[in-house]
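Assemble the dimeric complex from its two separately framed chains, guided by the hints.
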Amino acid sequence: MKKWIASLVIALLPAFALAAADPEQIVRGVSNDVLVILKQGDKDPAKVREQVDARVSPLADYTRMTSLAVGKYWRQATPEQQQALTREFRTMLVRTYMSALTIYKNAEVDVKGTRPGADADEQTVRTEVSIPGQKPIPLDFYFEKLGSNWKVFDIAVDGISFTVNNRNQFGAVIRKDGIDGLIKTLSDRNAKLAGGGKQGG
Amino acid sequence: MTHSILSTLRLCGLALLLAGCASPQNNYDPIEPVNRGIFSFNRAVDRTVVRPVAQTYADYTPGPIKDGTSNFFSNVDDLFGSVAALFQGKFGEAGTSAGRVIVNTTFGMFGLFDWGTRMGLDKGKADFGQTLGHWGIGSGPYLMVPFYGPMTLRDSADPLVRLSWGPIDYIDPLWGQIAYYGVYLVDARSKLLPLDAMLDSQIDPYAYLRDAYLQARWNKVYDGLPPHPLPLGEPDDDDDVPANSNASGVASEAATATMVSGDAAASAPVPASTPASVPASAPDAATP
Numbered sequence: 370m371k372k373w374i375a376s377l378v379i380a381l382l383p384a385f386a387l388a389a390a391d392p393e394q395i396v397r398g399v400s401n402d403v404l405v406i407l408k409q410g411d412k413d414p415a416k417v418r419e420q421v422d423a424r425v426s427p428l429a430d431y432t433r434m435t436s437l438a439v440g441k442y443w444r445q446a447t448p449e450q451q452q453a454l455t456r457e458f459r460t461m462l463v464r465t466y467m468s469a470l471t472i473y474k475n476a477e478v479d480v481k482g483t484r485p486g487a488d489a490d491e492q493t494v495r496t497e498v499s500i501p502g503q504k505p506i507p508l509d510f511y512f513e514k515l516g517s518n519w520k521v522f523d524i525a526v527d528g529i530s531f532t533v534n535n536r537n538q539f540g541a542v543i544r545k546d547g548i549d550g551l552i553k554t555l556s557d558r559n560a561k562l563a564g565g566g567k568q569g570g
Numbered sequence: 374m375t376h377s378i379l380s381t382l383r384l385c386g387l388a389l390l391l392a393g394c395a396s397p398q399n400n401y402d403p404i405e406p407v408n409r410g411i412f413s414f415n416r417a418v419d420r421t422v423v424r425p426v427a428q429t430y431a432d433y434t435p436g437p438i439k440d441g442t443s444n445f446f447s448n449v450d451d452l453f454g455s456v457a458a459l460f461q462g463k464f465g466e467a468g469t470s471a472g473r474v475i476v477n478t479t480f481g482m483f484g485l486f487d488w489g490t491r492m493g494l495d496k497g498k499a500d501f502g503q504t505l506g507h508w509g510i511g512s513g514p515y516l517m518v519p520f521y522g523p524m525t526l527r528d529s530a531d532p533l534v535r536l537s538w539g540p541i542d543y544i545d546p547l548w549g550q551i552a553y554y555g556v557y558l559v560d561a562r563s564k565l566l567p568l569d570a571m572l573d574s575q576i577d578p579y580a581y582l583r584d585a586y587l588q589a590r591w592n593k594v595y596d597g598l599p600p601h602p603l604p605l606g607e608p609d610d611d612d613d614v615p616a617n618s619n620a621s622g623v624a625s626e627a628a629t630a631t632m633v634s635g636d637a638a639a640s641a642p643v644p645a646s647t648p649a650s651v652p653a654s655a656p657d658a659a660t661p
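Protein sequence lines, in the order shown, are assigned to chains A and B.
Taking our numbering, the leading residue of the first sequence gets 370, the next gets one more, and so forth.
Taking our numbering, the leading residue of the second sequence gets 374, the next gets one more, and so forth.
Extracted from the complex, chain B is given alone in its bound form (with noise of 0.2 Å):
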């Protein structure tokens, strides 16, 4: 037990002298106090509010008109997905995605049903926020968005190229924007639905889904096919607690540690990818 207070102080001290103590969760959330208020905020207008209202939704809409709903606005987001995914050089997907508006918007009569997928067209994966991820760059601190939800900066491209581009400059009577919106969202958060039960049932709901959003978005980023995991913060095991290759001496911090916590089994397995103490400015740093 002393032994691990230990190694907890010298931790403390180490990250004290790499990031400043700047953030003692998560590597990617210097704002965590202020994003936890939005979060409760968030979650208050959601139970009192939203969620009610995308139940009655889910559960008193004809499944047609549910379907058909779905399918408009999936349609205007093939139209974004497309674009992006070019954008990314993926052609394929970009020609798949534009094919599927070009026949959902004729034949499929303005995006109410999905003809696309029925003629092998797949629905496409990309965003904005994955395009500039291809480019390289970083996921930026992670924020909550108030009145919407999980976010990073740089992944905030995505709803705000398709608020600037999006159908809403052709709706011109104010009502109607707030309308489309509306509908939208209602549609959104209905799909959620029946996630929510198990972010209720977590202990730290907070937590829980800001880890899940960033390993998401890193995975997407990837395609799938990420270098590493993405380093959350709190590391696999003692070893690679201190093991960011970037910074020298720390390295030599790391055996101290294992040879004072007396640890035999010193020789397992260590992810060289998991470094731990990423300073909360340059999140993607851990890239190698």
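Bound conformation, chain A alone (with noise of 0.2 Å):
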């Protein structure tokens, strides 16, 4: 009995932990598990881009990614098109940020703090990615409290957000083509990247 509880306890912290968990307790968790799968360093990169995206996108909040990424425009959009520009959106995200990620095999993350954001509800995970010898990189979290959760809603390297850097050559587009154009500028390119990248570019 005594062993049944004990059992029972041991496999329910991790959920309690899980639940209880901040921003930095879950930069720290994921980072680690990051890091753990890029120096496992699966031959196939595809395949590593599948665990880590795995690992991370239940923590992410794609959609106010994408809001904020298009900009002014979104409410502009149908909620059909925001879907759409979601989904295209985070392909793409996945797809080059990953691949950048290979140099990092043999990376540190250093949490430095959290820094409180525009309201309550949100904090910024302040981190340092280092690489020995080399200058580190600033690599900073933006959470905002969903519910009784924790997502990322952008995410900072060197000061560049993943999001905001996109916002002129998205414009551009919008401008030119409206929003539907870009939906099919970015499907067209998520479509000939993925094809491109079987070909082991």
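Hints are all accurate, no fakes.
Far from chain B, some chain A residues (derived; all Cβ distances over 10 Å): (1) I395; (2) K408; (3) G410; (4) D413; (5) K416; (6) V421; (7) D422; (8) L428; (9) Y431; (10) T455.
Here are the simulated EDC-like cross-link-like pairs (lysine to aspartate or glutamate), alpha carbons at most 16 Å apart as the crow flies: (11) B/K498 <-> A/E497; (12) A/K504 <-> B/D440; (13) B/K498 <-> A/D527; (14) A/K504 <-> B/D596; (15) A/K561 <-> B/D573; (16) A/K504 <-> B/D450; (17) A/K481 <-> B/D596; (18) B/K498 <-> B/D531; (19) A/K545 <-> B/D577; (20) A/K504 <-> B/D495.
Below, a sample of chain B positions facing chain A; criterion: calculated Cβ distance under 10 Å: (21) S447; (22) G454; (23) R491; (24) D495; (25) G497; (26) L568; (27) A570; (28) A585; (29) K593; (30) Y595; (31) D596; (32) P599; (33) L605.
Hints listed in this document are in silico derivations from the structure and should not be mistaken for laboratory results.
Glycine residues also receive a C-beta, built at the ideal position from the N, C-alpha and C atoms.
The structure is reproduced here in structure tokens:
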């Protein structure tokens, strides 16, 4: 009986830890896991990308990320357009940024602290990624509280926001071809890159 | 749809009044057409010469030689970084960087080996553009430098200082100077190779690189704690488009625009820190 209770407690512990996790703990946990995936270094980059994506995605608010990238045009988009934009932007994000991850195989992530965000439900976790002998790169995670969960809505590498950095190039497409034009541009690109990636590019 | 056209018209009229429509896309890029031309030129040079050379170097040079080369230039960089940190009053970082130079120049055989890192002296981050920014000097216009890459007027201080007081003075024959900078460039370029795919896959690589560079510099001047995101030209949403607190009468314009668009989301959180139409001539005037 005692043993049974003990094993139950042990089984439930991670669940409690997860529920209580604050942004800093989340970042520590995820960055450790991602570095492990990168170090195991599967030869197939697509597989590494899949594994990292599976670990990271549940924590990301892709809708808000997309709205930040699209900027002022977001509210002019219909719900269907917003969904399509989110789908294509997510695919693009995962593909482009994960492809650069391999450099950080031997990296270390130091959590530097947490900064209050725009309001009480937002926090920014500041970290530094260092590769021995190279200048450390600041990596900031912007968290928002959705219900009882903390989700990431933006990431900045060296101060460069994943989302905002797209705003000018997306805005130019929307001004020229409208929101549907941007959806089409993104999905064409994603399809092309997916095809090229299979040939080992 | 009519609404959006209407508000676009209003905005453009407003922008015309405020900035003379000088900067259509980005607050910091007054000579965008010229910059774009140079960017295309740089990309062509890169594709035909620089990138293939850097790729060959990365693929066929033995690891220890690559590391030694990187360490050598990194040691020179630390020397300047130490001074740049000192001029910002960052005495800890200045001391660490100076310590690295001493250790790596002696035990590390003129910088070929990086013993400093192994002794716990971590590489610093300071540069002279950051030093100027630290003392409140704005970035100035964004420039695309031929054969080099992105830069702002302020941040050109860094390569200029390094060029004027660099080891180049101690290399006598011209071919020696060319060789020094040749190897330096190939080493530097080879480190950027993993990022090529990311830039190449963008819809507008020019705008992407520019906005990335400007954000990175903005972040660096504030040591990773900027007071607000850098206003790049495209605002978050309709509400804060004309929200330039410096110009009186503009706020009421914003209110009207909201009413015209009939948007109930007027109460959505507006980052007060994202003024939109900053005159191109005074880019950092957005700083409150």
